[in-house]
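Asker: Fit the two chains together into the complex; they arrive one by one in their own frames, and the hints show the way.
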Amino acid sequence: MASREDIALMSHLMRRAGFGASRDEIEQMCEQGYEVTVEQLLNPTGPPVDEYDLYRHHPITEVPGGAAAPGQAAWLYFMATTQRPLEEKMTLFWHHVFATGNAKVDNCFHIMDQIAMFRSQGMGSYRDLLKGLAADPAMIFWLDNNENHKHAPNENWGRELLELFSLGVGNYTEKDVFECSRAFTGWTLDAKMPRYPYGRFPWKFVFRPEDHDYSEKTFLGQTGNFNGEDIIEIVLQQEACSKFIARHLYNFFVADEPQVPAWNIEEPRNPEAVEMMAKILVENDYEIKPVLRAMFNSDFFKEALNQKVKSPVEVVIGTLRGTGDLTGSDPKLEALGKEPGYLGQDILDPPSVEGWHTGREWINSGSLVKRVNFVSDRVSDTSLPGVQRMVEHVGNNGATMSAEELVDRCLDIMGPVEVSDLTKHELVSNVESGGKIELGGESFSQRTSETFALIAATREFQFG
Amino acid sequence: MAGNGKPPVLVILQLTGGNDYFNTLIPYNDGNYYDMRPSLQVPQDRVLKLDDTLGMHPAMGPMKEIYDSGDMAIIHGIGYANSPRSHFRSMDIWHTCEPDTVGTEGWLGRALREIDPNGENPVTGVNVDQALPRALVAPGVSVASVADLSTYGLLTSIEQEDQRNQMLQRFANMYGPAVGTGQVMEYLGQTGLDALKGADILKVAPEQYSSSVEYGSSPIAKKLKDIAQIHTADVGTRVFYTSHGSFDTHAAQAALHAGLWTEVSEAVADFWDDLREHDADQNVIMFMFSEFGRRVRDNGSGTDHGAAGAAFAIGPSIKGGMYSEYPQTRPEALEQGDLVPNQDYRGVYSTILEDWLHLEAAPIVNGQFEAPAFIGA
Numbered sequence: 001m002a003s004r005e006d007i008a009l010m011s012h013l014m015r016r017a018g019f020g021a022s023r024d025e026i027e028q029m030c031e032q033g034y035e036v037t038v039e040q041l042l043n044p045t046g047p048p049v050d051e052y053d054l055y056r057h058h059p060i061t062e063v064p065g066g067a068a069a070p071g072q073a074a075w076l077y078f079m080a081t082t083q084r085p086l087e088e089k090m091t092l093f094w095h096h097v098f099a100t101g102n103a104k105v106d107n108c109f110h111i112m113d114q115i116a117m118f119r120s121q122g123m124g125s126y127r128d129l130l131k132g133l134a135a136d137p138a139m140i141f142w143l144d145n146n147e148n149h150k151h152a153p154n155e156n157w158g159r160e161l162l163e164l165f166s167l168g169v170g171n172y173t174e175k176d177v178f179e180c181s182r183a184f185t186g187w188t189l190d191a192k193m194p195r196y197p198y199g200r201f202p203w204k205f206v207f208r209p210e211d212h213d214y215s216e217k218t219f220l221g222q223t224g225n226f227n228g229e230d231i232i233e234i235v236l237q238q239e240a241c242s243k244f245i246a247r248h249l250y251n252f253f254v255a256d257e258p259q260v261p262a263w264n265i266e267e268p269r270n271p272e273a274v275e276m277m278a279k280i281l282v283e284n285d286y287e288i289k290p291v292l293r294a295m296f297n298s299d300f301f302k303e304a305l306n307q308k309v310k311s312p313v314e315v316v317i318g319t320l321r322g323t324g325d326l327t328g329s330d331p332k333l334e335a336l337g338k339e340p341g342y343l344g345q346d347i348l349d350p351p352s353v354e355g356w357h358t359g360r361e362w363i364n365s366g367s368l369v370k371r372v373n374f375v376s377d378r379v380s381d382t383s384l385p386g387v388q389r390m391v392e393h394v395g396n397n398g399a400t401m402s403a404e405e406l407v408d409r410c411l412d413i414m415g416p417v418e419v420s421d422l423t424k425h426e427l428v429s430n431v432e433s434g435g436k437i438e439l440g441g442e443s444f445s446q447r448t449s450e451t452f453a454l455i456a457a458t459r460e461f462q463f464g
Numbered sequence: 001m002a003g004n005g006k007p008p009v010l011v012i013l014q015l016t017g018g019n020d021y022f023n024t025l026i027p028y029n030d031g032n033y034y035d036m037r038p039s040l041q042v043p044q045d046r047v048l049k050l051d052d053t054l055g056m057h058p059a060m061g062p063m064k065e066i067y068d069s070g071d072m073a074i075i076h077g078i079g080y081a082n083s084p085r086s087h088f089r090s091m092d093i094w095h096t097c098e099p100d101t102v103g104t105e106g107w108l109g110r111a112l113r114e115i116d117p118n119g120e121n122p123v124t125g126v127n128v129d130q131a132l133p134r135a136l137v138a139p140g141v142s143v144a145s146v147a148d149l150s151t152y153g154l155l156t157s158i159e160q161e162d163q164r165n166q167m168l169q170r171f172a173n174m175y176g177p178a179v180g181t182g183q184v185m186e187y188l189g190q191t192g193l194d195a196l197k198g199a200d201i202l203k204v205a206p207e208q209y210s211s212s213v214e215y216g217s218s219p220i221a222k223k224l225k226d227i228a229q230i231h232t233a234d235v236g237t238r239v240f241y242t243s244h245g246s247f248d249t250h251a252a253q254a255a256l257h258a259g260l261w262t263e264v265s266e267a268v269a270d271f272w273d274d275l276r277e278h279d280a281d282q283n284v285i286m287f288m289f290s291e292f293g294r295r296v297r298d299n300g301s302g303t304d305h306g307a308a309g310a311a312f313a314i315g316p317s318i319k320g321g322m323y324s325e326y327p328q329t330r331p332e333a334l335e336q337g338d339l340v341p342n343q344d345y346r347g348v349y350s351t352i353l354e355d356w357l358h359l360e361a362a363p364i365v366n367g368q369f370e371a372p373a374f375i376g377a
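These protein sequences, in sequence, are chains A and B.
Take my numbering: the final residue in the first sequence is number 464, and no numbers are missing along the way.
Take my numbering: the final residue in the second sequence is number 377, and no numbers are missing along the way.
Excised from the complex, chain B in its bound form (with noise of 0.2 Å):
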């Protein structure tokens, strides 16, 4: 259990497309990233240092202030090895913990296994995105994805209410378990059920929500709003999943870069304002992660997929501070021109499924990894 005596609970903030790692955590003494980044260069003083050898990018104020805070815990060099720099494939791979086989289910997919294994509540994870991502797919595993928690809901134009409520039992009966009619069928089989469940549970949740927090108008801002809502309704989610992008910046990435890190940064911000509002933030932590990072020397305008990245992982029970090590960025000391990662993926995942949601992680993550100890303020 978490302080507040709640089970913990896990939010996912996926940056989508390749955050470039080289300018978001700058080492601003270091001569190598004037010389490679002749024309994407943050000026010395504009970095918002850290310590006497990184800072942030100017645009992520707000993370630094819960840096400074000390519920932020900055994972370097993260990665894996022998990138293919491809953002489906290596998205896939961050999703399955699979790099050399096609995975099809996913790692917090394998976790709502073990939380919840007879799928007890069909809200236990909360996809707040359009498209499920294949880290929430298991077989077995019922995941909600609300693109909009306030229009969720089946057959909805049937609007003579009895009626609608023995279509909605119909469904009910047509979509139960379908022995031997194939993958799929069961899967649409389970889907179908779930939808139903779920939005019931789910349409509770902005009636019951008040705050003084007033978020911004950027799609992760409502996401992180519907994300809060639902938490603070206390339905029983304990894995949350969003995204935001594209932080694929090959070109125009001077304000493309900025303006997406200022983005995030407020409605992170705004998130966490909202959920310690309610005294909701102790059993819950963020983990925000990219596929890739970029290209250590600029193209002119932006910059090309690269290979190691960096992790965040944000909230009161975050032991603050730098793990791992920031990769070396001497030319010689570069793989294909790109950053090496030092920390594997999998390593990170695991303390998250150890220390966080006590689960054991070498099943789920296929492997022992070397962890880094950032749980446990």
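Isolated chain A (complex conformation) (with noise of 0.2 Å):
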């Protein structure tokens, strides 16, 4: 049997390297050994999502056009369906950093092209990454980089590219966005098609040498006839782009950070394991497995419980795949795509290419609102099977129960989730209010999911 100790850190390392898992998988995983599940993360062997039953039953998701609603339902099913949770989670981590908003790019194909991009390669080399994003045109349309001309450059790419995808603000100078923008030149979107009458046709990258700049330009200190994929070799040698991935990293996996464009101001809050993790990023030229190993498996990860607040789509899809309330292509897959939206985190549309403001900042009281109604709404529906199997858990503990018993073992199977005594007292008074407890039956399940829906209105809850 696994100690408390060891059911908590490995629901820890569920919810952060991916979605969270329920408590049977735990009591396995705990079995197997925690370096073992990590491993597992990393090189998974769980088959692909079964995209065949999601365009089967929500066709508009194959081709979903210019609305963002189709794709985010799309990408939604994934996360709940996926046996492959870590590269589903480096998926959304770098959406977070290249973050591509549909609302100006109004083609979800495209987009969701940029996230099976994520998909595939997020785990492996970021030099690749940045390469393929440099020519990918969801990107290049995002950050006008098609209107980046010899004669009339166009900064966003080139500035977006240092600024916050590998170095951070303060490690280049307004020149360094000049030439690097000149150096992309010509990395453009081919003629398209007419949308009518035949509808959306796939956009595709082309290198246009009469448009692009081949004169030498001077960046981060070396004089050249650069191109694009020079500019990326030379960033990859900057120490600040280590430093920038591993602190992204460190801040979505192990802890909250300040805002991001607050990192050339602020600190690190852990800077020894911002430093290991870049030094393990240069070591293995950019590929992304040893660092993510190293991190897991480091102290600073295994102390961190509860240091972030989840995110929207955490919340979403932990409860989903908790409750059993999505399971497949449900009906209501589409609705259920628009939530993390309503919770403050419309996936595949951030605000800007800055992407989102983290941490605490996921909070405000409209928010709380929303991530509590939604989480309630469903912990505490006992035609859920997931739900049923949480009580289950709860129950299977002899003949009688004390209130105070019950909150604990609601307490542990919703997490664990560690609260202040002002909390307990109030979930305890709350089960109290009800009366002797009944073991099985209707009544112990109608109570007991009560106080898993008022356990998801407490603000411990909303750490993870």
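Don't take each hint at face value.
[Said to hold, decoys possible] Derived PhoX-like pairs (lysine-lysine); straight-line CA-CA distance at most 25 Å:
no.: 1; chain 1: A; residue 1: K302; chain 2: A; residue 2: K332
no.: 2; chain 1: A; residue 1: K131; chain 2: A; residue 2: K175
no.: 3; chain 1: A; residue 1: K338; chain 2: B; residue 2: K222
no.: 4; chain 1: B; residue 1: K222; chain 2: B; residue 2: K49
no.: 5; chain 1: B; residue 1: K197; chain 2: B; residue 2: K6
no.: 6; chain 1: A; residue 1: K131; chain 2: A; residue 2: K192
no.: 7; chain 1: A; residue 1: K279; chain 2: A; residue 2: K289
no.: 8; chain 1: A; residue 1: K424; chain 2: B; residue 2: K197
no.: 9; chain 1: A; residue 1: K338; chain 2: B; residue 2: K203
[As the list claims (entries may be wrong)] Which residues of chain B face chain A? A partial, calculated answer using Cβ under 10 Å:
no.: 10; residue: L54
no.: 11; residue: F88
no.: 12; residue: G216
no.: 13; residue: S218
[What the hints assert, rightly or not] If you anchor each label on the Cβ, the simulated ranges turn out as follows:
no.: 14; chain 1: B; residue 1: A258; chain 2: A; residue 2: K192; range: 21 to 29 Å
no.: 15; chain 1: B; residue 1: A254; chain 2: A; residue 2: G199; range: 20 to 28 Å
no.: 16; chain 1: A; residue 1: E267; chain 2: B; residue 2: G140; range: 23 to 31 Å
no.: 17; chain 1: B; residue 1: G61; chain 2: A; residue 2: P194; range: 17 to 25 Å
no.: 18; chain 1: A; residue 1: E405; chain 2: B; residue 2: R164; range: 37 to 45 Å
no.: 19; chain 1: A; residue 1: A116; chain 2: B; residue 2: G176; range: 14 to 22 Å
no.: 20; chain 1: A; residue 1: E267; chain 2: B; residue 2: G176; range: 29 to 37 Å
Treat the hints as calculated values from the structure; they're not laboratory data.
No experiment lies behind these values; they were computed from the predicted model shown.
Cβ atoms here follow ideal geometry from the backbone N, Cα and C, with glycine treated the same way.
Answerer: Quick look at the structure:
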């Protein structure tokens, strides 16, 4: 039998490296061991998501067109059904960093292509990802690189590549932005077929040498006739790059950092951890898996339980998986796709290329209401298989149970969640007001699931 | 007190993304405008002329009407020195009045703290948007973030009313102060209680509202209508915040910028019509700003990030006209290709804080800045 600490640690790992796991799965993982579980996350053997089932029942998600909603539903389906959780979580990670918004791209098909690239290459090489990104049609359009011409440079991509995707503010000059932009001239989209009358045609990357500025450029202290790929190589040589990406990984997987715009002014919460991770990135030529392995196996990760405010996506997917409210291509998938947006995170449509403000900024008096309602709606629904399983776990403890024991077992199965004395007192009082507890039967189910709902409303539950 | 004896109310409309000043307020007799805007210039005969030198973008008809009525102050060349030209950073600078360090307190959060120091009314500040802007953040300050006024509330799935009320009471008890558990927990505690109280107060507003004004269907029209509903319900809200965008027109600016200003102008005009119909306009001013202007020379299809911009202040108590100076447009006078600001935004905030909200500005905006006198008609 796994100890309380083992269960807590494994639940923490699965929440961070994936979207949570059921108690049955957690117990199984404890048996095989933590490091073995980390390896399985890094090298998943689970089958790819069943896309046929998705398109068969929600054909609109196959070629979603302009609106974000079908793409959001499609990605929600991936996250809710994946048996390769870390791969999917890394996909979300890269979407956070390389934030590309459908409000401008107006073509979910292409944003989903970008997401598919993050999925297949997200645990591979960061160098390859940057190069793929520079040639990605959605990104080119999003950051106007198709408007970046030899005789009229457009700095949007050049700037954001340095500011947001690799180095961070303070590690380059305005001149570098300009030179970088010049190097990417000609990286554009092939002429598009008109949308009417046959619908949207796929965009293709094309390099137009006649529109490329072949003259000499001086970038980050080096001079030469640089092309986009050369820029990326020079960027990867900068120490600031490995630190920036390491800090992003720390912020996403370990503990909430200050917001990204503050990073050139505020030091990391744990500079040694970020240094360590940056070093591993450089030593492994920017391969991602080694740094993930080191991070998940580190003490600083294992000690970071509940150091992050759950993102809206984590709240939604974690709840859907945990309660069993969405196990496949359910009819309500398309409506559910909009939920992360209501909680404050419109996936595939971040507010700007700078992505989302995370951590405590996920919570305001509006989003808190939405988060609490989303979770409590589902955990109080005893018709859901996941909830039934949770109630069973709570109830398999003999013939009787005090109110306090009930609450303890509910807190355990919901997380485990650590709560303050005040919170605990309120949870226990709520159970006591319903009278003596009788195990088994509908009344027990109902009171247990109501306790789940109240736990979901606590502030401690907002962390994970 | 404002004209009608009621406490002054401030409505902030943030134009997110960096509104192109040069094509919003157009120096239509300036040769540099035509030289620098080969692709985006507005033909002279389409500019809505305000005076001998400046005119508004053609999509801003309703805004021009407000200017002509004397209720609009245009503040030129607004900004600050050494702009990083980065969205988030620049917006943070506008929100926190901290250009050199990272501020965590917003100017309006501080103002709300002065207005309602004990947080007696959870809807003193209302944010009509999904995400709370930093401008409204300050410890001890509660701001309701209402993405959609008609569906705002907690634990709405618990159908049985008694049960729901009991659970809401437990919720209220759990979210009491949590001394020593850390800043974020305390923040959450505050947020939870405020959410609860605020929902109860706000649900009254749409029930009481009726109007002959028909707003448009754009998101900004809906947000301003929500603000009008809350304001006319008289629940004590003193600061409203909302936003529209994206004004970040790096490409396809001609169509985008026109569309955005059409939406904003119509919504703003409808909003003021609505307030006047309810005799609720006298104690309100509206302030519109953006985090930077855009580059003087267009890039063939749009414009890149710039520096100096324009701001607008609207309301019956505004001394209409133009304030500060339109920046020099000659290439030699530009910095990094951008218009140079000559009016620090913190000075404009100071005017609003002192002359409208009757608060001491210097501690809120972190200093003394030249404050144009556009309030007090």
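Asker: Decide, hint by hint, whether the structure agrees.
Answerer: Hints, verified against the model:
{"no.": "1", "hint": "A:K302 to A:K332", "result": "violated (37 Å)"}
{"no.": "2", "hint": "A:K131 to A:K175", "result": "holds (22 Å)"}
{"no.": "3", "hint": "A:K338 to B:K222", "result": "holds (19 Å)"}
{"no.": "4", "hint": "B:K222 to B:K49", "result": "violated (29 Å)"}
{"no.": "5", "hint": "B:K197 to B:K6", "result": "holds (23 Å)"}
{"no.": "6", "hint": "A:K131 to A:K192", "result": "holds (22 Å)"}
{"no.": "7", "hint": "A:K279 to A:K289", "result": "holds (13 Å)"}
{"no.": "8", "hint": "A:K424 to B:K197", "result": "holds (22 Å)"}
{"no.": "9", "hint": "A:K338 to B:K203", "result": "holds (24 Å)"}
{"no.": "10", "hint": "L54", "result": "violated (27 Å)"}
{"no.": "11", "hint": "F88", "result": "holds (4 Å)"}
{"no.": "12", "hint": "G216", "result": "violated (19 Å)"}
{"no.": "13", "hint": "S218", "result": "violated (14 Å)"}
{"no.": "14", "hint": "B:A258 to A:K192: 21 to 29 Å", "result": "holds (23 Å)"}
{"no.": "15", "hint": "B:A254 to A:G199: 20 to 28 Å", "result": "holds (26 Å)"}
{"no.": "16", "hint": "A:E267 to B:G140: 23 to 31 Å", "result": "holds (27 Å)"}
{"no.": "17", "hint": "B:G61 to A:P194: 17 to 25 Å", "result": "violated (32 Å)"}
{"no.": "18", "hint": "A:E405 to B:R164: 37 to 45 Å", "result": "violated (26 Å)"}
{"no.": "19", "hint": "A:A116 to B:G176: 14 to 22 Å", "result": "violated (47 Å)"}
{"no.": "20", "hint": "A:E267 to B:G176: 29 to 37 Å", "result": "holds (34 Å)"}
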